[in-house]
Amino acid sequence: MVSLPVVLAVAGVMFGIGLYGALGQTNAIMVIMGVELMLGAAMLNVVGFLRYSWPHATSGAFFVLIVMTLMAVEAAVGFALVVSAFRNSRTAEIDDLTELKG
Amino acid sequence: MAAGRVSDLTPVAVLGVALGGAVIVGFLEQVVAGLRPAPTALFGSANAALHEPLSRPDVRDGWLFHLAPGLLLLAATAALAFVPWAPGFRGIDLSTGMIAFPAALAYVTPAIFMAGWGAGRPLAVVGAFRWLALMLAYAMPLAMVTTAVAAPAGSLRPVDIVDVQHAVPMAIVQPLALVLWVPAILAVCFLRPFDFPQAPGELGGGAFSEYRGLDAALVGLAQRILLVAVSGMTAALFLAGWHGPVLPPALWMAVKTLGVALLLLWAGERLPRPGIDRVVSLAWKVANPLAIVAIAWGGLMTLIFYS
Amino acid sequence: MPVLLWLTAGLPAVGAVIVRAGPRRAPLTATLAAFIAAIPAWALLVAAGDGRRERSGFEWLPGGGLDVGLRLDGLSAAMTATVATVGLVVVVYSAGYFADEPRRASALAGLLAFLAAMQGLVLADGYLALLAFWELVGVASARLIAFSRDDPAAAPGAVRAFLTTRTADIGFYIAVLALFSATGSLAFGADRPAGALGALVGLGLVVAAMGKSAQAPLQTWLSAAMAGPTPVSALLHSATMVAAGVYLLMRSAPLLAGWPLQVAGWVGALTAVGGAAIALAQGDLKRVLAGSTTSQLGLMFVGVAAGGPAVGLFHLVAHAAGKAGLFLSAGIFQRSRDSTALEELRGAGRDDRTAFAAFGVCALSIAAVPPLAAFWSKDHVAAAAETKTAWFCLVLVAAAGSAAYLLRPALVLWDGKGARRAATGRGRTPMLAGVGATAVASVLLAVVGAPLADLLGEPSLPTSRLSLVLSLVAVGAGVAVVLTRLAVPPRVAAAARSQLYANELLCLTVQRPLFALSAAADVADRRGIDAFVDRVGRGAQVVARSQDWIERRGIDAAVDGLARRVGRGGDDLRRLQSGRLYEYLRDAVLGAAAVGLIVTFTALT
Amino acid sequence: MSNLATALVFWPSTALMLVTGANVFRTSSMARAGLLLLAALGIEGLVFLSLASEFLGVLQLLMMSGEMVIMVFFMVMFMPDPGGLMGMDMTHDKRRAATLAAAVGVGLAVLAVLTDWPARVIGTSAPDVRAIGFEVMGRSMVTFLFAAMTILFAMVGGVLLAKHGGRYGRDD
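Chains A, B, C and D supply the protein sequences, listed in that same order.
Quick note on the working numbering: the first sequence kicks off at 82 and runs consecutively.
Quick note on the working numbering: the second sequence kicks off at 4 and runs consecutively.
Quick note on the working numbering: the third sequence kicks off at -9 and runs consecutively.
Quick note on the working numbering: the fourth sequence kicks off at 199 and runs consecutively.
A couple of the hints might just be wrong.
Straight-line distance between alpha carbons at most 20 Å, and here's what the computed EDC-like set of lysine to aspartate or glutamate pairs gives [as the list claims (entries may be wrong)]: (1) D/K292 with A/E174; (2) D/K292 with A/E155; (3) D/K292 with C/D515.
Which stretches of chain D does chain A cover? Using the computed rule of at least three CB atoms under 8 Å from a CB of chain A, they are [claimed, not checked]: (4) 214 to 222; (5) 237 to 244; (6) 257 to 269; (7) 332 to 339.
Derived by calculation from the structure, the hints in this document are not laboratory data.
Note that the structure is predicted; figures quoted are calculated from it, not measured.
Ideal placement from N, C-alpha and C gives every residue a C-beta, glycine not left out.
Work out the full structure, taking the sequences as your base and the hints as a guide.
This is the structure:
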C-alpha cells in the first residue's frame, strides 16, 4: 500500500535522477531537463504531504502551482540563454561556455 | 477520476460514441466532397487500407513511428470522454473537465512530432516542426478561451457550463471567444485549411506521408474522433449543449455536434490554405492578445448577467 | 451599479491606451472614448438623483483597516458628471485644436488619462484611494503642461506646477498619517480627532487643498501652468484639477469643522481679492483667466467654509462651465493670432463673432450678471458670507473685481482697430462645438442650485436680498472702474503684476531662512570644527613621522609576506571558479547537503 | 479514491516514471530524451491523480505537454547530433556526478523512510478546484500576481535575449 514515506522516497529517488542529469550532462538543455526533474520531485513531495497529512490545505496546492510556474519560467529563461549563448559561440555545450572562469 | 463518477459502462459508451461518430463523420466528408454518402465506399476503402503492408522506417527512432497513431487515438478518445453528451449520458465527469479537455488535446502535438520524427524523412520532420509551431501558437488561445467560457458558470465542470446556458447560448454572450475557438479547434484536428502536417500539396504529404496500412487507418480514425470531440465541445460550450425545445436532450446534442462538424468540414473545403508563417504570426500577435480580451469580456459578462 | 463606478474611472484609461496605440485616428477615437466614458458618469448622476448610494471596494491590507474602493453619493455623483461633461467638451474641442499638431495622439491620450485619474479622485472612497488619485492627477497634469516642445516656458511651468502642488501635498500626507494613527481608519466622514493630531489633520488638509486650488500664497504655479496647451488649461486649470482642492474641503467638511474651515475661509476670501487684482494687471489673456480662476476658487473656499458643501459645489459647477468656455474661446483666438498676449489679440473678437459671442456669455456668467449660472451661485456664496462681515466685504470686492477683469479683455477683443479677418485654420467646427456647449451650459446651469443642494442632502441654499443688491452694485462698480479707466496706484499695479509678490514672500519666509541656516552652519563648521581638525592633523603628522621608520623596518616585511601568501591562496581558490556550470551546481548541492546535515544535527541535539 | 485504487495506479506509474526519468540521461538521441522527459513528467501527473489531487494532476498533464514539446524543439535545434546516430557520449565527470546523485537520492529516500512522520490523516480528498481558486484569488493573490509578473518578465526577457540584435540594430 502507498503511504507518505513511500511517496517521499520515490520523490527522493527522482530528485537523485534529476541531479545526476544536471551534474553529468554536457549540454545546457540536458541540464535544464535535469532541473525540471528535480522540480518535479519537489512537487511530488508536496502532493504526497497534501494527500497523507493535510488534505484540505489549499496553500499546498497553491505551492505546487507556483512550482509549475517556476518550471515554465526556468525553461523559458534557460532556452533564451541557450539561444543567446549559441548565437555568440555556436555551441550549447557547457564545457565550452566558460567565460565566467575566474 | 474518483470512482463514483465513472460508471462501469463508461468505457463502452465512450468507445461507442467515438466509433459511431467517426463513421458519421466519414459520411459527412463524402457529402462535403460532393459524393453520395455510401457505406460501401467508406468501409471498402478502410478495408483496402487495412490490407496494405505497414511501412517500416529504417531509422533508430522508428518505434516512435508506430507509437504515434496509438497516442493520437488515446488523446482523441480521452478528449471525447470529457465532452458532456446528455444529462444521464456523459463520459468522465470531472470537476476540472475544462482543464482536462485541453490537456487531452495537448497530447496530439507530441504524437504528431513522433510521427514526423519517426518517419526519418526530412520532409516529414519539417512537416512535424511546422505542426509544432502551429499548435504551440494555438494552445494558449484554446486554454484561455475555455477560461472565459467557464467564468459564467463559476465552475470548470462542462456540465455546469452547459446548464448555465439554458436560457442564452454562450455564442451570443461571448462571440469573441467563439471566433477565437473555431480556428484553434480546426488546427488541433489538423483539418483544412490548417492541415500542414498532412496536406498532399505541402511537403509531399508532410508528417503522415509515410503511413500505410493499419497505421494510416488509425491516424484517419483518430482524426475523425478528434473532430467529433471538438465539435461536441463546441456544441456544449457555445451552443447550449443538450438544451432545446421539443426534442429529447441527447438528440439535440447529436444534431448540434453533427451540425458543427459539417460546418467545419464544409468551411475547410472552401477556405484557401494560408502560409504557415502568416498563421503562426496571426496566432501569436492577434489571437493571444484577443484571448486576454475575451477573458476580460467573459468576466465582465459574468459580473453583469450571471452574478 | 458597482460596475458603473469602475467603468467611469476605467473607461477613460482604456481610451487613453487605445488613442495612444492608434495615432492616425486619434481625434475620432478620443472623442468616442470621451463620450462613451461620460455615459456611466451621467448614469451615476441619475442614479444618485434617485437616491442610490453605493460603495464598491476591497480590503487592501487585510486586517489593517485600509480599504480601497469607489463610492457613489451625492457629492461624487455631481463631481463625476461635471468632470465627464467638461472632459467630453474639451476633448471634442481638442480634436479641432490639435488638428495640425503631429503629436496630437499623445496630447489626447494625456487628456483621457487625466480624466481617468480625476474620475478616480472624485469617486474615491477613503483617503487612501483619494491620495493615490490625487498624486496621479498631479502627474497627469505636469505631463500635459510640459506638452509643448517649442515653448521654453512649458517645461519650467510644469516643474513649478508639480513641485508647488507636491509641496502642498506633504500636508495631505501628514494629515492622512495623523488621521490613521489617531483613528486607525482612513474612511470618509469621521470626526476630527482631538489634540495635536487633530490639528495636524485639519491644517494638513487645508494646506493640500490650498496647493491644488492655487490659493494664495501658492497661486503662482497656475500662472506658470498657462504654458500648457489651451484645452489643457481649460480642463485642468479651470474646471477639474484645481477644483480638487475645493472637492477635498467639501469631502472633508466633517473633519474640518471648526477652526480649519475658518482658516480655509480666510485664505479663500483673501485669495478672491488678490486673484482679482492679479487678473486685472495681467497683459496676457490666459494669465488673466488664471488669476480669475484663483479668485473664483477663493470664493468657493468661502462658500464651503461659510455655507457648507452645497454652496461651494454649485459655484464649482457653474464656474466650471463658464471658465472652460472662456479658455476654449481664448484658444480659438489664440489659433487665429498665434499668441495669447492681449495686445496681439486686439480685435480678434470681431474676426470671429461666434466665438466672441460664446466668450461673452461665459464672461457674463463668471462676472455674475443675472440671470446666468454663476450669478446665482455667487449670490449664494455672498449670502452665506453675510454672517461674517469681513468675508462679506472681501467677497463683494472680489465680485467687483471679476466684473472688471473680464470686461477689460472683452473690450480689447472687440476693439475694431485691430480686426484682421484672419482665418482660424483647420478644426474650427469641433472647437466651436465645444465652446458653444459651454456657453449653453452657462445659461442652463442657473437652475441646478436647488437640485444640487437636494443631492447633497441639504435643505436649501442661503439667499438674502441684501447680498443680492450689494452684489449687483459691486458688479456695476467693477464695470464703472474699467469704463472710466480709473487710475490705480502704480505700486498696487506693480504688485498685482508680479503675483502680489508671492514668490518673494515664499523666498523671504522659506528660502532665506534656509540659506541663513546653512550659512551659519558653514561658519560653525569652518571656525569650530575645522580648526580642531587641523590641530589634530598636525599632531598626527608628528606621530606618523616617528612611526615611519618603525614601519619600514618591521611591519612592511610582515605585510609583504602576508600579501604573498594571500595571493597564493587566491590562486588556489581561483581553481574553484572554473566557469563550468556543473561544478557550480555540484558545489551548490554539497553546500545544501551540509546545511541539511547541520540543521538535522542541531535538531537532534 | 480507495487505497486499493491508489496503489493500483501509483505503483506502475511511479515505476514507469522513474524508468523513463532515468533513461532521459542514458539515451543519446535528443528527440528520445525530450519525449522520455515528457513521459516522465506526464506520468507524474497520473501519480498526482492517484494521490487524489485531481486539479494538480490534470494541470500537470496540460502544462508538461506544452513545455516538453518546446523542450524537444530546442533540443533538436541545439544538439550536435539530435538523431543520436553517432551514439556520442554527452556526459562528463560521470562517475563523480553519479556518486553524488546516488548519495543524495538514496539519502533522501532513507531519510523519508526512517523519519517518524506524523500519522494524521484528516480525509482522503485533496482540496477541490473551488477551494484552490479561492486560495489563488484570495489569500495568495499577491503571491500569484508576483508569479504572474515573473513569468511575464521571463517571457519578455526571453524573447529579447533570443532576438537577433538589440536596440542598436541587428547584430548579423
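Going through the hints against the structure:
With a C-alpha separation of about 15 Å, the suggested pair D/K292 and A/E174 falls inside the 20 Å cut-off, and the hint holds. Between D/K292 and A/E155 the alpha-carbon distance is near 25 Å, which puts this suggested pair outside the 20 Å criterion. The hinted pair formed by D/K292 and C/D515 fails the criterion: a straight-line CA distance of about 68 Å is larger than 20 Å. As drawn, the stretch 214 to 222 of chain D meets chain A at 5 residues by the rule of a beta-carbon pair under 8 Å; at three or more, the given contact holds.
Three residues within the 8 Å Cβ limit are the bar, and the stretch 237 to 244 of chain D against chain A gives 3, so the coverage statement holds. Using a Cβ-Cβ cut-off of 8 Å, 6 residues of the stretch 257 to 269 of chain D lie near chain A, which meets the minimum of three, so the contact claim holds. Coverage of the stretch 332 to 339 of chain D by chain A holds [criterion: at least 3 residues with CB-CB distance below 8 Å; count 5].
Checked against the numbered hints above, the structure breaks hints 2 and 3 and satisfies the rest.
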